[in-house]
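> Since the structure of chain A is already known, use the hints to place chain B on it.
These are the residues of each chain, in order.
There are 2 protein chains.
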Amino acid sequence: MKTDAYRVKEGKKVKLAEWKTDEDGGLEQHDAKVLTKELQEQLAEWQERLYAERKQALLIVLQARDAGGKDGVVKHVVGSFNPNGLTIAPFKVPTEEELAHDFLWRIHAQVPGKGMIGVFNRSHYEDVLVTRVYDMIDDKTAKARLRHIRHFEELLADSGTRILKFYLHISRDEQKRRLQDRLDEPGKHWKFNPGDLKDREHWTQFTAAYQDALGTSTADAPWYVIPADHKWYRDLLISQILLDTLKDMDPKYPKTSFDPAEIRIE
Amino acid sequence: MKTDAYRVKEGKKVKLAEWKTDEDGGLEQHDAKVLTKELQEQLAEWQERLYAERKQALLIVLQARDAGGKDGVVKHVVGSFNPNGLTIAPFKVPTEEELAHDFLWRIHAQVPGKGMIGVFNRSHYEDVLVTRVYDMIDDKTAKARLRHIRHFEELLADSGTRILKFYLHISRDEQKRRLQDRLDEPGKHWKFNPGDLKDREHWTQFTAAYQDALGTSTADAPWYVIPADHKWYRDLLISQILLDTLKDMDPKYPKTSFDPAEIRIE
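Protein sequences appear in the order of chains A and B.
Just so you know, we're using the UniProt record's numbering here: the first sequence kicks off at 1 and counts up by one.
Just so you know, we're using the UniProt record's numbering here: the second sequence kicks off at 1 and counts up by one.
Looking at chain A on its own, in the form it has when it is part of the complex (with noise of 0.2 Å):
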């Protein structure tokens, strides 16, 4: 499967009106998801190689409006990982002691280590789209955060680092349906903030700001706008992504200090 349409391109500005939601890939839900099953199995053996390697890590940045299905992500296709290998860091607003320092202070005390796939859900790119939406900065400030961001992305490419970044695009119906969901199923009213509902309508704001975010896409640290109203097309195509990128990476078993035919186990 080709992913190449769905990653931002260095440079260029981005309109989300102009990428679509609801792709599908010409699939079936069954058949999409038999074959997200077949990537994952071979992302195990890739992560497996990462970690023994100890040389080279990855980073998956997720970011999307509420509902948007990061938190579906990684039940769905980090879940496939093999935990000892991950690090998972959920970043919530930020509190005093973190206010009282950069905003990238408690990001980089969160990134992934040689050998390890770390996932933020939600990230630095907050600072760069809920605080420009509810004017908590202005523009000379988001810009100058953008710059740090890019520097700051350079600086873990430099280090060995692949980082990832994914924008789960969904339409302004498919969130009214799963945040009408959250309300219609008892089992799901946990899921449910009234807070959301705010956001929602900011929600030309936020597009606004996303695409900004979206101008940080590099080659080392590229952003891809995923089509995300079909939840099963959503993870298929991220298990992709991420396939190609550990295939590209290239992770080798480490050669050995010692020769396995000289050691004697009493």
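Among the hints, erroneous ones may be present.
Note: identical chains are not told apart, hence a pair may lie in one copy or across any two.
[Claimed, not checked] Dumping the calculated DSS-like pairs for lysine-lysine here, alpha-carbon to alpha-carbon at most 25 Å:
id: 1; residue 1: LYS75; residue 2: LYS33
id: 2; residue 1: LYS75; residue 2: LYS114
id: 3; residue 1: LYS188; residue 2: LYS140
id: 4; residue 1: LYS198; residue 2: LYS255
id: 5; residue 1: LYS37; residue 2: LYS75
id: 6; residue 1: LYS75; residue 2: LYS247
id: 7; residue 1: LYS13; residue 2: LYS75
id: 8; residue 1: LYS143; residue 2: LYS231
id: 9; residue 1: LYS198; residue 2: LYS55
id: 10; residue 1: LYS9; residue 2: LYS252
id: 11; residue 1: LYS75; residue 2: LYS15
id: 12; residue 1: LYS15; residue 2: LYS198
id: 13; residue 1: LYS2; residue 2: LYS33
id: 14; residue 1: LYS247; residue 2: LYS92
These are computed hints drawn from the structure, not numbers from a lab.
Same frame as chain A, now just chain B:
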């Protein structure tokens, strides 16, 4: 399935020689795997309740000799949990900064928050195991540490954290088979650590140290001696104990602060 026989009773002095390593519950591997899969589907539901409730936490401590199966349990049992509600803390040889603090300092920083399941792959128990075998601490220090550990676990229990401690019990022969396997299969060379052979020479001293550590079994933080020669029986048994424990903790979906029928999504 009854698991009580594998729990170390409070105040009981353990003699590991009396605990079987090759128990299989009278099951065949295939049937055990089917049963484990069924248990794990139930575990996923209970994990969601724990996560939604956000009032209690579950801490799983894994200890074993080299090749005892800690990583296997993380992959095959813990791997069935939703990563959104999971933290994994692998404890390695302490760093200089960690050694500059009391031995529980780095441990405390990694305990799971409310709603989470936390896994310690090795733990504070290393500080009364490897350190003792290699005479890095004397018996008086070991005794004091065991007391500090009991107090520390009591603190966690009082704050709503249930603790399950698993000692994965393998025979000396089984360890030999597994280490030899790592030498024989090129794809497993990276798992072989020549230092494991030194620990193997100290088998009896490790047994003695483990027996003392198992003395910290309490109602809130019990130790289980898991027969672990058969990986599939080990996984089944641990899955069953996790499920029984989560059911006993009985987390509940929280009541909403809003009336779902009153909310209109524009």
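> If a hint holds in the structure, say so; if it does not, say that too.
Status of each hint after checking the structure:
1. LYS75 to LYS33: both (14 Å within a copy, 22 Å between copies)
2. LYS75 to LYS114: both (23 Å within a copy, 19 Å between copies)
3. LYS188 to LYS140: The answer is neither: 40 Å in one copy and 53 Å across copies each exceed 25 Å.
4. LYS198 to LYS255: between (55 Å within a copy, 22 Å between copies)
5. LYS37 to LYS75: Cα proximity of LYS37 and LYS75: in one copy and across copies (14 Å, 17 Å).
6. LYS75 to LYS247: For LYS75 and LYS247, the Cα distance is within 25 Å both inside one copy (23 Å) and across copies (22 Å).
7. LYS13 to LYS75: neither (31 Å within a copy, 42 Å between copies)
8. LYS143 to LYS231: neither (33 Å within a copy, 54 Å between copies)
9. LYS198 to LYS55: neither (44 Å within a copy, 27 Å between copies)
10. LYS9 to LYS252: neither (29 Å within a copy, 46 Å between copies)
11. LYS75 to LYS15: neither (29 Å within a copy, 41 Å between copies)
12. LYS15 to LYS198: within (23 Å within a copy, 62 Å between copies)
13. LYS2 to LYS33: Answer is within: at 17 Å inside a copy they meet the 25 Å cutoff, but 36 Å across does not.
14. LYS247 to LYS92: neither (32 Å within a copy, 29 Å between copies)
Checked against the numbered hints above, the structure breaks hints 3, 7, 8, 9, 10, 11 and 14 and satisfies the rest.
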